[in-house]
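Student: Chains A and B supply the protein sequences, listed in that same order. Counting from 1, one number per residue, gives the positions in the first sequence under our numbering. Counting from 1, one number per residue, gives the positions in the second sequence under our numbering.
Do not take every clue at face value.
Here are the in silico distance ranges between beta carbons for each label pair [unchecked claim]:
hint, chain 1, residue 1, chain 2, residue 2, range
1, A, D172, B, E88, 50 to 58 angstroms
2, A, D277, B, E88, 42 to 50 angstroms
3, A, K313, B, P353, 56 to 64 angstroms
4, B, E88, A, H243, 27 to 35 angstroms
5, B, E88, A, P14, 17 to 25 angstroms
6, A, I239, B, D192, 52 to 60 angstroms
7, B, P353, A, E58, 24 to 32 angstroms
8, B, A178, A, N246, 42 to 50 angstroms
9, A, S189, B, S23, 21 to 29 angstroms
10, A, G190, B, G105, 54 to 62 angstroms
11, B, D60, A, G164, 53 to 61 angstroms
12, B, R289, A, V55, 17 to 25 angstroms
13, B, P163, A, H118, 13 to 21 angstroms
14, A, D62, B, R289, 51 to 59 angstroms
No lab work stands behind these hints, which were simulated from the structure alone. Glycine residues also receive a C-beta, built at the ideal position from the N, C-alpha and C atoms.
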Amino acid sequence: MPEVLKAPLVVEFPFTRSLGPVQSAFLTGLRERVVLGVRTGDGRTLVPPVEYDPVTAEEIRDLTEVAPTGTVTTWAWNHAPRRGQPLTTPFAWALVRLDGADTALLHALDVPGPDAVHTGMRVRIRWAEERTGAITDIACFEPYDGSRAQPTGHTGEFADPVTGIVAAARLDYTYSPGRAQTAYINALSGRRTVGERCPACRKVYVPPRGACPTCGVATSEQVEVGPRGTVTTFCIVNIKAAHTANLDIEVPYVYAHIALDGADLALHGRIGGIPYDEVRMGLRVEPVWTEGARYPDHYRPTGEPDADYDTYKELL
Amino acid sequence: MTSAPGDRQIAVVAFAQTVHRRSSEELSEVEMLMPVLHEVLDRTGLKTADIDFTCSGSSDYLAGRAFSFTLALDGVGAWPPISESHVEMDGAWALYEAWTKLLTGDADTALVYSYGKSSPGSVRDVLTRQLDPYYVAPLWPDSVALAALQAQALIDAGDTDEPALAAVASRNREAASANPHTQLKGPVAQGDYLVRPLRTGDCPPIGDGAAAVILAAGDRARDLCAHPAWIRGIDHRVEAHGLGVRDLTDSPSTRLAAERAGAFERPVDTAELHAPFTAQEVVLRKALRLGDGVVVNPSGGALAANPIMAAGLIRIGEAAARIHRGESGRALAHATSGPCLQQNLVAVLEGEPR
Ligand SMILES: [Zn+2]
């Protein structure tokens, strides 16, 4: 078996999320070096605060300030920090119950080694220098042997509250399309189009995905199809492409389903070399390759007579 | 819905799984999954067209691609059109959906499958995306780090210590020696700390794999399987999402799910626990009140093979397979999802008296 293709795949997304009144107050507070919790009906103070009581599911909005000092309730030593984590040097993950709170907050604790941390140790917030209204406004926690800090009595009302956050994420993958699509892509580099035939229903699928979606069985017999084909259906695109790779395509243009000769499934592609309003079902087309391209740039009429409807009606 | 109403009883009649491996990059998801679908159908003699309902579980974040489950459907053979559903969760929850569908009487047979390929990405990073996006995910605490916090909480509480955790790892992987599908088996060194107090030996292998089961109702189940594994009850429960709100040394959601599934009505002889980290087995044994007489994870459990999104369904499948083979009369299967046992599903399976 030839080696399967692989390529790096990066998925990045900056989710923009809005905040309700409670989360807004908490994150705005961090920007102003104030830690706010929320009080539940039974008098407990939750930090970080939530909008609904985890026990009763009642909506809760009774904000109350807690101290920036607290106690480690549990911890774990992270000797190899990973991308995106709060500190780049080895640190402890810690759940910290701030003074005045009944629940614990997860963050990093900056200590030199695992021997310098224990459950029950006293810590305080180290604020980030640049604060924007995000959990990362707490740079980390640090050991603290002073007395319990006093809250300032803040009400949770801010002149300029933060109303949203951008939750940026990046995940890195090594994508492999698997055996069947590797064979397809490799064939395209020689300007050939290769599908696979289902051993049960004998249909030829292109691009092949390794399985017949009708029969649910593996396909493996490779079949070269095309290069010519028939337009089975099409649409006229009137909106100019935003993607840089397609900026030079003038509108209107035609995007079509094309049944390559010998294939039982239509591919899609752009139709060129003919006015858009002359494209029709049954039009016979062939691929046009540009220098160095890995797939046909578009399809153009071959000049043959149109295909008979009966020859492609099953492929619509 | 926590137990079967009336007389409609539903059983697991067949189970199949891949040989789980660190990487299966030469295969697309559907190529990895298809042999398992064929195997589970072959066990019953059913064809796709005979299946009334199909339900699957998987995650786009593992694949790095939107709607990745639609391509896997090619392996099912969805023509003529089938009745189908998908959960973005472990297949154990897909099985729960299928079970409720059979309970309604809308279907007599169901195919449940799930799969996960962790090899394309970094699963420790990928799993951070299931965390609270406001307070937790921006810190990127990875799955091992969160499990390590739970382990330390248990050690502080006196519920376990590092040698006891090593014994959990060793016992699971010893059991896995007899299971040809597992990824890690036999003596495995505890290794260095990954995130202290968890060592590599306390953590599951990262791997790719798939699993499938067939459910059938009443006499249909008896037709398809000599010794059906009857589902006496299933329930699933979730904890508060804030880690600092929870007592990490306990799992009230598991206990409640087990109670609603009928697990405490009579003792079980076998428990297949979805505990990817050693310390989580300690929590689950306590929550489920499992005595020393219960055989825990005879398959090797998630410490021997942990294909994300399939490992929970595999627990149900392994428990059912022991009933099929006559090795268990009453078994408990547990599946989990989320950090530190956040969500928990419990199923109680029984064979017929012989
Ligand atoms: Zn076919």
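Student: So, for every hint listed, does it hold in this structure?
Tutor: Here is how each hint holds up against the structure:
Roughly 21 angstroms separates the CB atoms of D172/A and E88/B, a value that falls outside the hinted 50 to 58 angstroms. Distance hint for D277/A and E88/B: a CB-CB separation of about 44 angstroms, consistent with the stated range 42 to 50 angstroms. Checked against the hint of 56 to 64 angstroms, the pair K313/A and P353/B passes, with Cβ atoms roughly 59 angstroms apart. As the Cβ distance of E88/B to H243/A is approximately 28 angstroms, the hint placing it in 27 to 35 angstroms holds.
Here the CB-CB span from E88/B to P14/A is close to 21 angstroms, well matched to the stated 17 to 25 angstroms. Between I239/A and D192/B, the C-beta spacing of about 57 angstroms keeps the proposed range 52 to 60 angstroms intact. Look at P353/B against E58/A: about 48 angstroms separates their beta carbons, and that is not inside 24 to 32 angstroms. For A178/B paired with N246/A, a C-beta distance near 57 angstroms fails the hint of 42 to 50 angstroms.
Take S189/A and S23/B: their Cβ atoms lie about 25 angstroms apart, and the range 21 to 29 angstroms holds. Between G190/A and G105/B the C-beta distance comes to about 56 angstroms, which sits within the given range of 54 to 62 angstroms. One distance hint, 53 to 61 angstroms for the beta-carbon pair D60/B and G164/A, is violated here, with the actual separation near 24 angstroms. Restraint check, R289/B to V55/A: a C-beta distance of roughly 24 angstroms satisfies the suggested window 17 to 25 angstroms.
For P163/B paired with H118/A, a C-beta distance near 20 angstroms keeps the hint of 13 to 21 angstroms intact. As the Cβ distance of D62/A to R289/B is approximately 38 angstroms, the hint placing it in 51 to 59 angstroms is violated.
Hints 1, 7, 8, 11, 14 from the earlier list are contradicted by this structure; the remaining hints agree with it.
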